[in-house]
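**Student:** So you can see what is in the structure, the chains are spelled out below.
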Amino acid sequence: MVNSSAEESVGPEEVPESPAIEAPRFSCALGGALGTAIGIYGVVPILHSGAGCGIGQLFGQLYTGGQNAGGPQGGTSTPCSSLVERHVVFGGEEKLRDLIRSSTELMDGEIYAVINGCISALIGDDVNAVVKEFREKNDIFFVRSSGFAGNSYEGYELFFEGLIQDLLKPAEKVRPKTVNVFGIVPYQHIFWKGDARTIKNLLAEIGITANVFLAEFDGVAQLREIPAAEYNIVLSTWNGHRVAGLLEEKFGTPYLTFPSVPVGPKQTGEFLRRVAKAFDVSEEIVESVIAREEQRVYRFIEYGGDAHMMVRPHPFFAVAADSGTAIGISRFLINELGYLPDLIQITDDPPEEVRDEITRNLTRDLETPLLPEVIFETDAHLIRKNLKGRPFLFLFASSLEAPIALAEWGALPITVAFPALNRLILNRTYAGFDGALTLFEEIISLFVGPL
Amino acid sequence: MVFETREEADFALYEKRIDLSQTTCPNREQRANGINIYYGKASGLIEKAKSGCLQNHERGFAQSSGCSLNFYLSVRVGTIRGAATIFHAPVGCSSSALGYRELYRGVPVELGRPAEYDLHWMTTNLREKDVVYGAGDKLKRAIYEAQKRYNPKAIFILTSCTTGIIGEDIEGAVADVQPHVDARIVPVHCEGVRSRLVQTGYDAFWHAVLKYLVKKPEKKQTDLVNVASMLSYTWQDRLEIQRLLGKVGLRANLIPEFATVEQLQQLSEAAVTAPLCPTYTDYLSRGLEQEYGVPYFMYPPPMGITNTDEWLRQIGKYTGKSDEVEHLIEEEHKTWKPKMQAIRSEFDRIAAEKGSKVSVLGSLGQGRLLAQMPFFDELGLASPAAMSQDYDNLILEELEGVVSQVGDFDLLVNTFQAAEQSHITTNLDPDLTLTCPFQGGAYKRLKGATRIHALRGDPHPWSTQSGYAGAVAYGNFLLQALKSRAFQRTLKEKTKDSYREWWFKQSNPLYYMKKEV
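So the sequence lines, in the order shown, correspond to chains Z and Y.
Quick note on numbering: our numbering labels position 105 of the first sequence as 106, and the sequence is numbered without any gaps.
Quick note on numbering: our numbering labels position 415 of the second sequence as 434, and the sequence is numbered without any gaps.
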């Protein structure tokens with residue numbers, strides 16, 4: 002702690018560094034939990050919070066996550082206990098009880114997730130006890146979040162932890178060749194819908210059924226089947242790891258981890274090979290899928306070859322994105338398009354213990370002797386400063402950088418990370434074999450003209 | 020209770036005095052008996068309000084709807100040029116402000132957007148340990164950091180539920196730090212738990228502006244007109260207001276969004292404070308009159324031809340420009356009235372075809388309620404009902420005026436309660452519903468649906484709503500909206516609704532209103 006009268010004795014120059022951040026690229030744990038709930042069709046989120054929390058997240062989690070509307074359960078449709086001072090004084094449990102009762106009557110859903118905000122966490126409502134009262138008649142669980150519990154990524158873990166703790170029971174028997182996929186955080190990973198679908202389809206190609214939960218109409222059925230999976234797959238160096246760990250502890254499900262959602266043929270091939278090995282899928286099947294897809298994708302890449310080679314071959318690029326997006330995109334650009342890494346800023350505030358691993362994933366096995374500088378930074382002001390005076394021509398970042406990229410750094414911006422207010426993202430993704438084509442199209446289209 | 024005089028009634032109905040010795044304003048509930056739940060005739064609401072027996076009620080079912088901080092202040096204060104904003108809050112309270120760099124970038128410089136500007140906000144990112152040990156030092160360090168980084172003229176501090184509940188001493192921290200920083204520190208008490216009424220956030224903001232930022236007038240600027248713009252007014256609305264005032268030699272001091280700190284400091288020097296939204300401007304207007312003798316008027320806002328005429332006349336009165344304004348109105352009518360007449364004829368033609376006037380369900384804040392009903396009347400539209408985020412006694416007299424002008428109507432008072440709004444939209448089944456994202460899926464229907472207003476950064480003349488140009492643009496816009504139902508109809512047929520069917524089969528949008536107050 003700083004001496005609170007520091008400024009009187011030493012003046013502001015001596016006051017230690019500020020922990021305040023300009024425009025960090027995530028919301029709070031409530032926001033992340035709410036985003037995850039809305040991302041799984043059939044889940045009705047119920048906020049036990051102040052009235053502004055849901056609408057704040059409409060702006061600060063959903064619109065920022067690729068200009069997505071709230072849909073039937075998000076935005077102003079989300080039930081909310083709307084706590085005010087009198088509840089701070091007298092408690093909010095009765096209000097919550099009323100709200101759960103009415104929400105289960107009125108809101109069309111299969112499973113209800115009570116998501117805690119700051120107010121109830123501070124006043125000490127026994128939310129769990131209230132939620133339990135309704136469990137006999139409804140599938141309902143408690144997400145033990147608050148705004149100050151952490152950021153959106155924390156909210157993703159808390160959502161699944163609440164579900165597992167309150168509702169999931171060991172499966173009677175394991176379903177072979179079935180996996181759960183974790184680590185894609187809705188809205189924070191702005192291509193979450195396309196990512197989830199691509200992973201599901203890729204795994205289906207090698208005979209594996211994947212519960213990806215997100216944007217699937219049987220998402221709630223998939224949640225219920227979590228304990229029956231043979232494996233869990235985690236597509237992040239850190240998101241979803243706690244969930245997978247808990248599932249291993251509770252149900253004995255082993256898990257495989259990958260540094261990111263795979264982008265382009267090389268990463269996707271590697272992804273499929275590793276999964277196939279774990280599941281004993283024959284090499285023949287996997288290699289035939291990979292060969293077929295590679296042949297098609299690279300033949301298509303050839304169409305862009307002239308524009309690529311004539312206008313912007315081997316350019317330097319910079320990234321400011323969450324760790325998974327940064328790893329997936331950078332490795333594709335470096336190892337398949339021949340782009341040269343300049344500066345990569347990791348913006349999702351990963352825990353200290355995984356930072357070396359993230360850096361390794363950005364600096365090892367690259368098809369260039371040039372190594373990117375890797376910086377972990379959440380502060381938009383410092384991210385901006387760090388980009389000054391560098392050689393990059395392309396900037397893979399967020400809508401915070403997009404409006405100033407050309408003027409300040411002379412670079413063409415592509416929004417690939419949260420916040421993404423300048424693009425609507427529906428089924429677009431850079432994941433998988435075809436992701437290479439989508440990303441390549443986008444990059445070339447930024448500058449191409451008469452050759 | 021019957022009051023003998025208007026003054027007596029005013030005294031009982033709302034608190035007129037602004038007390039800047041306090042750290043913040045009272046909330047709208049205390050100040051003007053504000054409520055956010057009512058459904059019935061507007062005349063019934065007026066009667067209840069006048070007799071002093073209007074009461075707020077708890078909802079057994081509520082949806083997320085906005086607080087004093089989010090979304091008004093969180094997306095608004097950070098646009099003030101030359102300032103920095105610090106959210107003293109957990110990180111999620113400010114994520115709605117992530118559009119700050121982009122917000123006005125889409126406005127071409129040729130339309131008057133400054134080429135060079137930079138906006139800044141920070142969050143103190145409160146965590147578990149801060150709520151246990153307190154975060155006063157965190158705030159102080161954030162202020163120093165903001166001063167060092169941005170060298171701003173003002174630093175706004177926006178508080179949160181968390182700082183309110185843990186009892187952060189904001190004023191103490193500010194008093195400690197202010198002597199050491201150049202920027203004027205402006206603490207805004209917008210803790211979400213303070214009030215059910217989002218408008219308390221407006222008052223809290225203006226209280227802080229009046230208390231910390233507005234300077235004593237050095238000179239009177241007799242040609243300066245304060246115009247507080249709402250969130251929902253576009254760049255073209257600004258241009259139209261500037262155009263009209265410019266024609267009679269007046270200048271608009273458009274605040275607070277995208278204004279400079281100096282524009283806020285000089286509020287005291289203006290000739291008059293004019294409304295775009297009466298209850299948004301209310302606290303500021305009263306404060307400026309009380310402290311610096313700047314006169315104000317509350318009604319009407321410049322929406323529709325007649326309202327705009329009257330708005331200009333009021334401004335003319337306070338600036339000694341009555342003759343010029345009459346001349347201006349006459350000139351403008353020559354340009355715009357035929358265009359309005361053409362729109363009106365088209366609506367009349369449609370009405371004749373279908374056998375009744377085209378009905379519209381709209382409104383948003385109290386301001387739009389007051390301004391829009393007469394405007395729709397002018398267009399030849401029927402408004403069988405209206406919705407308003409909240410009601411408080413500050414608009415009582417004006418609401419009476421509207422009822423006497425356009426006749427009685429059903430009024431649903433709720434702050435973005437999507438289920439209630441969907442219900443009333445389904446049951447009243449107007450030809451056209453004017454919606455916004457805060458009504459959930461209410462736009463999914465078989466009949467007409469369009470937006471109620473455009474966005475701040477929208478530079479297209481098509482999106483104008485203010486003044487004469489806006490009356491015509493929005494009239495045409497509404498006509499255009501009647502030309503297609505494909506989007507809302509397709510989505511109505513092909514996507515799920517949020518609510519179970521029984522909701523629409525019973526008749527009461529306030530089904531879940533509780534008896535207790």
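Calculated directly from the structure, the hints in this document are not laboratory data.
Ideal placement from N, C-alpha and C gives every residue a C-beta, glycine not left out.
Be aware that a few hints might be false.
Unchecked claim - For each label pair, taking beta carbons as the anchor points, the in silico distance ranges come out as:
1) Z/LYS278 with Y/ARG132: 56 to 62 Å
2) Y/ASN495 with Z/ILE376: 47 to 53 Å
3) Z/ALA172 with Y/LYS533: 39 to 45 Å
4) Y/ARG132 with Z/VAL90: 43 to 49 Å
5) Y/GLN525 with Z/GLU409: 54 to 60 Å
6) Y/HIS199 with Z/VAL90: 35 to 41 Å
7) Y/ASP201 with Z/GLN166: 33 to 39 Å
8) Y/ARG132 with Z/VAL449: 54 to 60 Å
9) Y/ARG363 with Z/LEU427: 56 to 62 Å
Said to hold, decoys possible - Okay, derived cross-link-like pairs now, DSS-like style, lysine-lysine, Cα gap no bigger than 30 Å in a straight line:
10) Y/LYS533 with Y/LYS513
11) Y/LYS524 with Y/LYS67
12) Z/LYS133 with Y/LYS148
13) Y/LYS238 with Y/LYS172
14) Z/LYS138 with Y/LYS534
15) Y/LYS533 with Y/LYS69
16) Z/LYS386 with Y/LYS511
17) Z/LYS133 with Y/LYS69
18) Y/LYS336 with Y/LYS35
19) Y/LYS148 with Y/LYS67
20) Y/LYS511 with Y/LYS67
21) Y/LYS502 with Y/LYS533
22) Y/LYS511 with Y/LYS534
23) Z/LYS138 with Y/LYS524
24) Y/LYS35 with Y/LYS356
25) Y/LYS524 with Z/LYS389
26) Y/LYS358 with Y/LYS466
27) Y/LYS35 with Z/LYS133
28) Z/LYS201 with Y/LYS513
29) Z/LYS133 with Y/LYS336
30) Y/LYS67 with Y/LYS167
31) Y/LYS239 with Y/LYS172
32) Y/LYS534 with Y/LYS466
33) Y/LYS266 with Y/LYS376
34) Y/LYS234 with Y/LYS336
35) Y/LYS515 with Z/LYS201
36) Y/LYS515 with Z/LYS138
37) Y/LYS524 with Y/LYS534
38) Y/LYS167 with Z/LYS386
39) Y/LYS167 with Y/LYS266
40) Z/LYS389 with Y/LYS167
**Student:** For each hint, tell me whether it holds in the structure or not.
**Tutor:** Taking the hints in turn, this is what the structure says about them:
{"no.": "1", "hint": "Z/LYS278 with Y/ARG132: 56 to 62 Å", "verdict": "57 Å, holds"}
{"no.": "2", "hint": "Y/ASN495 with Z/ILE376: 47 to 53 Å", "verdict": "52 Å, holds"}
{"no.": "3", "hint": "Z/ALA172 with Y/LYS533: 39 to 45 Å", "verdict": "43 Å, holds"}
{"no.": "4", "hint": "Y/ARG132 with Z/VAL90: 43 to 49 Å", "verdict": "47 Å, holds"}
{"no.": "5", "hint": "Y/GLN525 with Z/GLU409: 54 to 60 Å", "verdict": "57 Å, holds"}
{"no.": "6", "hint": "Y/HIS199 with Z/VAL90: 35 to 41 Å", "verdict": "37 Å, holds"}
{"no.": "7", "hint": "Y/ASP201 with Z/GLN166: 33 to 39 Å", "verdict": "52 Å, violated"}
{"no.": "8", "hint": "Y/ARG132 with Z/VAL449: 54 to 60 Å", "verdict": "29 Å, violated"}
{"no.": "9", "hint": "Y/ARG363 with Z/LEU427: 56 to 62 Å", "verdict": "40 Å, violated"}
{"no.": "10", "hint": "Y/LYS533 with Y/LYS513", "verdict": "34 Å, violated"}
{"no.": "11", "hint": "Y/LYS524 with Y/LYS67", "verdict": "29 Å, holds"}
{"no.": "12", "hint": "Z/LYS133 with Y/LYS148", "verdict": "29 Å, holds"}
{"no.": "13", "hint": "Y/LYS238 with Y/LYS172", "verdict": "21 Å, holds"}
{"no.": "14", "hint": "Z/LYS138 with Y/LYS534", "verdict": "26 Å, holds"}
{"no.": "15", "hint": "Y/LYS533 with Y/LYS69", "verdict": "23 Å, holds"}
{"no.": "16", "hint": "Z/LYS386 with Y/LYS511", "verdict": "48 Å, violated"}
{"no.": "17", "hint": "Z/LYS133 with Y/LYS69", "verdict": "45 Å, violated"}
{"no.": "18", "hint": "Y/LYS336 with Y/LYS35", "verdict": "23 Å, holds"}
{"no.": "19", "hint": "Y/LYS148 with Y/LYS67", "verdict": "48 Å, violated"}
{"no.": "20", "hint": "Y/LYS511 with Y/LYS67", "verdict": "38 Å, violated"}
{"no.": "21", "hint": "Y/LYS502 with Y/LYS533", "verdict": "41 Å, violated"}
{"no.": "22", "hint": "Y/LYS511 with Y/LYS534", "verdict": "34 Å, violated"}
{"no.": "23", "hint": "Z/LYS138 with Y/LYS524", "verdict": "24 Å, holds"}
{"no.": "24", "hint": "Y/LYS35 with Y/LYS356", "verdict": "39 Å, violated"}
{"no.": "25", "hint": "Y/LYS524 with Z/LYS389", "verdict": "61 Å, violated"}
{"no.": "26", "hint": "Y/LYS358 with Y/LYS466", "verdict": "26 Å, holds"}
{"no.": "27", "hint": "Y/LYS35 with Z/LYS133", "verdict": "48 Å, violated"}
{"no.": "28", "hint": "Z/LYS201 with Y/LYS513", "verdict": "25 Å, holds"}
{"no.": "29", "hint": "Z/LYS133 with Y/LYS336", "verdict": "65 Å, violated"}
{"no.": "30", "hint": "Y/LYS67 with Y/LYS167", "verdict": "54 Å, violated"}
{"no.": "31", "hint": "Y/LYS239 with Y/LYS172", "verdict": "22 Å, holds"}
{"no.": "32", "hint": "Y/LYS534 with Y/LYS466", "verdict": "35 Å, violated"}
{"no.": "33", "hint": "Y/LYS266 with Y/LYS376", "verdict": "36 Å, violated"}
{"no.": "34", "hint": "Y/LYS234 with Y/LYS336", "verdict": "25 Å, holds"}
{"no.": "35", "hint": "Y/LYS515 with Z/LYS201", "verdict": "24 Å, holds"}
{"no.": "36", "hint": "Y/LYS515 with Z/LYS138", "verdict": "23 Å, holds"}
{"no.": "37", "hint": "Y/LYS524 with Y/LYS534", "verdict": "22 Å, holds"}
{"no.": "38", "hint": "Y/LYS167 with Z/LYS386", "verdict": "14 Å, holds"}
{"no.": "39", "hint": "Y/LYS167 with Y/LYS266", "verdict": "43 Å, violated"}
{"no.": "40", "hint": "Z/LYS389 with Y/LYS167", "verdict": "19 Å, holds"}
Violated hints for the displayed structure, listed by number in ascending order: 7, 8, 9, 10, 16, 17, 19, 20, 21, 22, 24, 25, 27, 29, 30, 32, 33 and 39.
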